[in-house]
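Taking the hints into account, I'd like the entire structure generated from these sequences.
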Amino acid sequence: MSQVAGNFPKVKFIQLVLAAIVAGAAGIGTAHSGDVVLQGSTTFASGIAQPFASSVEAQTGHHLEIIPNKSSLGLLALLAQNAELAMISTTLDREVEILRRSDASLPFQRLKAFEIARTRAALVIHPDNPVRAARLQDIGKILTGEISNWKQLGGPDLPIRVVAVREGGGVLASVEARLLGAAHISAPDAIRVQVGTQIVKVVAQEPGAIGITQLAIVKSSSAVELVTDEPIEQILSLVSLDDPSPAASAVIEAFRRVARQGS
Numbered sequence: 001m002s003q004v005a006g007n008f009p010k011v012k013f014i015q016l017v018l019a020a021i022v023a024g025a026a027g028i029g030t031a032h033s034g035d036v037v038l039q040g041s042t043t044f045a046s047g048i049a050q051p052f053a054s055s056v057e058a059q060t061g062h063h064l065e066i067i068p069n070k071s072s073l074g075l076l077a078l079l080a081q082n083a084e085l086a087m088i089s090t091t092l093d094r095e096v097e098i099l100r101r102s103d104a105s106l107p108f109q110r111l112k113a114f115e116i117a118r119t120r121a122a123l124v125i126h127p128d129n130p131v132r133a134a135r136l137q138d139i140g141k142i143l144t145g146e147i148s149n150w151k152q153l154g155g156p157d158l159p160i161r162v163v164a165v166r167e168g169g170g171v172l173a174s175v176e177a178r179l180l181g182a183a184h185i186s187a188p189d190a191i192r193v194q195v196g197t198q199i200v201k202v203v204a205q206e207p208g209a210i211g212i213t214q215l216a217i218v219k220s221s222s223a224v225e226l227v228t229d230e231p232i233e234q235i236l237s238l239v240s241l242d243d244p245s246p247a248a249s250a251v252i253e254a255f256r257r258v259a260r261q262g263s
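FYI, in the UniProt record's numbering the residues of the sequence shown are 1 to 263.
Since the hints were made in silico from the structure, they are not lab data.
Everything numeric in this text was worked out from a predicted model, so none of it was measured.
Virtual Cβ for every residue (Gly too), placed ideally from N, Cα, C.
Any given hint could be a false lead.
[As the list claims (entries may be wrong)] 20 Å max Cα-Cα, derived SDA-like pairs, lysine to any residue:
| no. | residue 1 | residue 2 |
| --- | --- | --- |
| 1 | Lys151 | Leu92 |
| 2 | Lys112 | Lys141 |
| 3 | Lys151 | Ala133 |
| 4 | Lys151 | Pro127 |
| 5 | Lys112 | Asp128 |
| 6 | Lys151 | Ala183 |
| 7 | Lys141 | Thr197 |
| 8 | Lys151 | Pro207 |
| 9 | Lys219 | Arg132 |
| 10 | Lys151 | Ala182 |
| 11 | Lys141 | Leu226 |
| 12 | Lys151 | Ala177 |
| 13 | Lys112 | Asp242 |
| 14 | Lys201 | Pro127 |
| 15 | Lys219 | Ala80 |
| 16 | Lys112 | Arg135 |
| 17 | Lys112 | Pro207 |
| 18 | Lys151 | Arg166 |
| 19 | Lys141 | Ala183 |
| 20 | Lys112 | Val200 |
| 21 | Lys201 | Ser222 |
| 22 | Lys112 | Arg132 |
| 23 | Lys201 | Leu215 |
| 24 | Lys201 | Ala182 |
| 25 | Lys141 | Arg100 |
| 26 | Lys112 | Thr91 |
| 27 | Lys201 | Val96 |
| 28 | Lys112 | Ala80 |
| 29 | Lys201 | Pro159 |
| 30 | Lys219 | Glu233 |
| 31 | Lys219 | Ala182 |
| 32 | Lys219 | Val200 |
| 33 | Lys141 | Arg118 |
| 34 | Lys112 | Pro127 |
| 35 | Lys201 | Asp229 |
| 36 | Lys141 | Thr228 |
| 37 | Lys141 | Leu92 |
[Unchecked claim] Okay, the calculated beta carbon distance ranges per label pair:
| no. | residue 1 | residue 2 | range |
| --- | --- | --- | --- |
| 38 | Thr197 | Pro130 | 40 to 48 Å |
| 39 | Asn149 | His63 | 45 to 53 Å |
| 40 | Arg120 | Arg100 | 40 to 48 Å |
Now the structure itself:
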């Protein structure tokens with residue numbers, strides 16, 4: 001059975017906090033004076049932070065310490081003051097809604113988001129699957145289990161297996177928000193992985209799989225994308241705890257400039 005996002009036990013939250021603290025501490029421990037530590041979304045890291053890091057460093061004079069994991073872990077690291085900026089790839093409200101269910105006492109009201117750019121999510125399928133296009137309406141039904149076999153979409157008689165990261169990833173949060181509203185994946189026998197880079201590998205081994213991943217991963221691999229009638233947009237933002245410091249503000253504005261130029 002799938003690990004439904006709504007069933008997010010306290011022990012899992014503690015594990016996320018510890019992971020964020022350890023990852024953040026590792027990054028900060030190697031940072032130098034004047035460094036700005038960014039932690040969070042792999043979508044933001046691979047699509048914005050890493051490609052434009054050199055340009056931002058040159059413009060601001062600050063070295064960037066980039067720690068990719070998940071949007072939720074970036075926010076937890078930020079709240080634990082183990083990062084100066086969190087990278088997220090969905091709306092701040094969506095991520096806060098997820099984290100609030102585990103610990104409503106965290107000071108979420110202190111978080112401030114700064115949009116940097118936009119991209120879209122991608123759906124990937126096994127190379128042998130002849131179904132290459134679908135409506136978003138049908139994708140939503142797949143995520144809830146209402147559509148459970150590829151023959152319902154004109155394909156082979158093959159059970160559909162949804163492949164997605166565990167709760168906290170920005171791509172998944174964006175897809176769920178667009179297609180399911182306040183609900184979460186409830187398809188039976190969903191495969192949940194730890195990080196987005198594992199999704200393409202799992203889909204390649206599972207003939208009936210449909211994976212929810214980031215566009216950059218699809219473009220940099222041989223994965224087969226399932227084309228939808230409408231894009232599922234992702235908002236890529238940097239988040240600060242209270243007002244950003246002068247260094248963080250400079251980094252935010254520099255990323256905005258280079259993202260506009262690179263789009």
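Do the hints match the structure? See the list:
no.: 1; hint: Lys151 / Leu92; verdict: violated, 37 Å
no.: 2; hint: Lys112 / Lys141; verdict: violated, 34 Å
no.: 3; hint: Lys151 / Ala133; verdict: holds, 13 Å
no.: 4; hint: Lys151 / Pro127; verdict: holds, 16 Å
no.: 5; hint: Lys112 / Asp128; verdict: violated, 44 Å
no.: 6; hint: Lys151 / Ala183; verdict: violated, 25 Å
no.: 7; hint: Lys141 / Thr197; verdict: violated, 25 Å
no.: 8; hint: Lys151 / Pro207; verdict: holds, 13 Å
no.: 9; hint: Lys219 / Arg132; verdict: holds, 16 Å
no.: 10; hint: Lys151 / Ala182; verdict: violated, 28 Å
no.: 11; hint: Lys141 / Leu226; verdict: holds, 15 Å
no.: 12; hint: Lys151 / Ala177; verdict: violated, 26 Å
no.: 13; hint: Lys112 / Asp242; verdict: holds, 6 Å
no.: 14; hint: Lys201 / Pro127; verdict: holds, 12 Å
no.: 15; hint: Lys219 / Ala80; verdict: violated, 34 Å
no.: 16; hint: Lys112 / Arg135; verdict: violated, 34 Å
no.: 17; hint: Lys112 / Pro207; verdict: violated, 42 Å
no.: 18; hint: Lys151 / Arg166; verdict: violated, 27 Å
no.: 19; hint: Lys141 / Ala183; verdict: holds, 12 Å
no.: 20; hint: Lys112 / Val200; verdict: violated, 33 Å
no.: 21; hint: Lys201 / Ser222; verdict: holds, 10 Å
no.: 22; hint: Lys112 / Arg132; verdict: violated, 39 Å
no.: 23; hint: Lys201 / Leu215; verdict: holds, 15 Å
no.: 24; hint: Lys201 / Ala182; verdict: violated, 29 Å
no.: 25; hint: Lys141 / Arg100; verdict: violated, 27 Å
no.: 26; hint: Lys112 / Thr91; verdict: holds, 11 Å
no.: 27; hint: Lys201 / Val96; verdict: violated, 29 Å
no.: 28; hint: Lys112 / Ala80; verdict: holds, 15 Å
no.: 29; hint: Lys201 / Pro159; verdict: holds, 18 Å
no.: 30; hint: Lys219 / Glu233; verdict: holds, 16 Å
no.: 31; hint: Lys219 / Ala182; verdict: violated, 29 Å
no.: 32; hint: Lys219 / Val200; verdict: holds, 11 Å
no.: 33; hint: Lys141 / Arg118; verdict: violated, 26 Å
no.: 34; hint: Lys112 / Pro127; verdict: violated, 41 Å
no.: 35; hint: Lys201 / Asp229; verdict: violated, 25 Å
no.: 36; hint: Lys141 / Thr228; verdict: holds, 14 Å
no.: 37; hint: Lys141 / Leu92; verdict: violated, 26 Å
no.: 38; hint: Thr197 / Pro130: 40 to 48 Å; verdict: violated, 26 Å
no.: 39; hint: Asn149 / His63: 45 to 53 Å; verdict: holds, 52 Å
no.: 40; hint: Arg120 / Arg100: 40 to 48 Å; verdict: violated, 26 Å
The structure fails to meet hints 1, 2, 5, 6, 7, 10, 12, 15, 16, 17, 18, 20, 22, 24, 25, 27, 31, 33, 34, 35, 37, 38, 40 from the earlier list, while all remaining hints are met.
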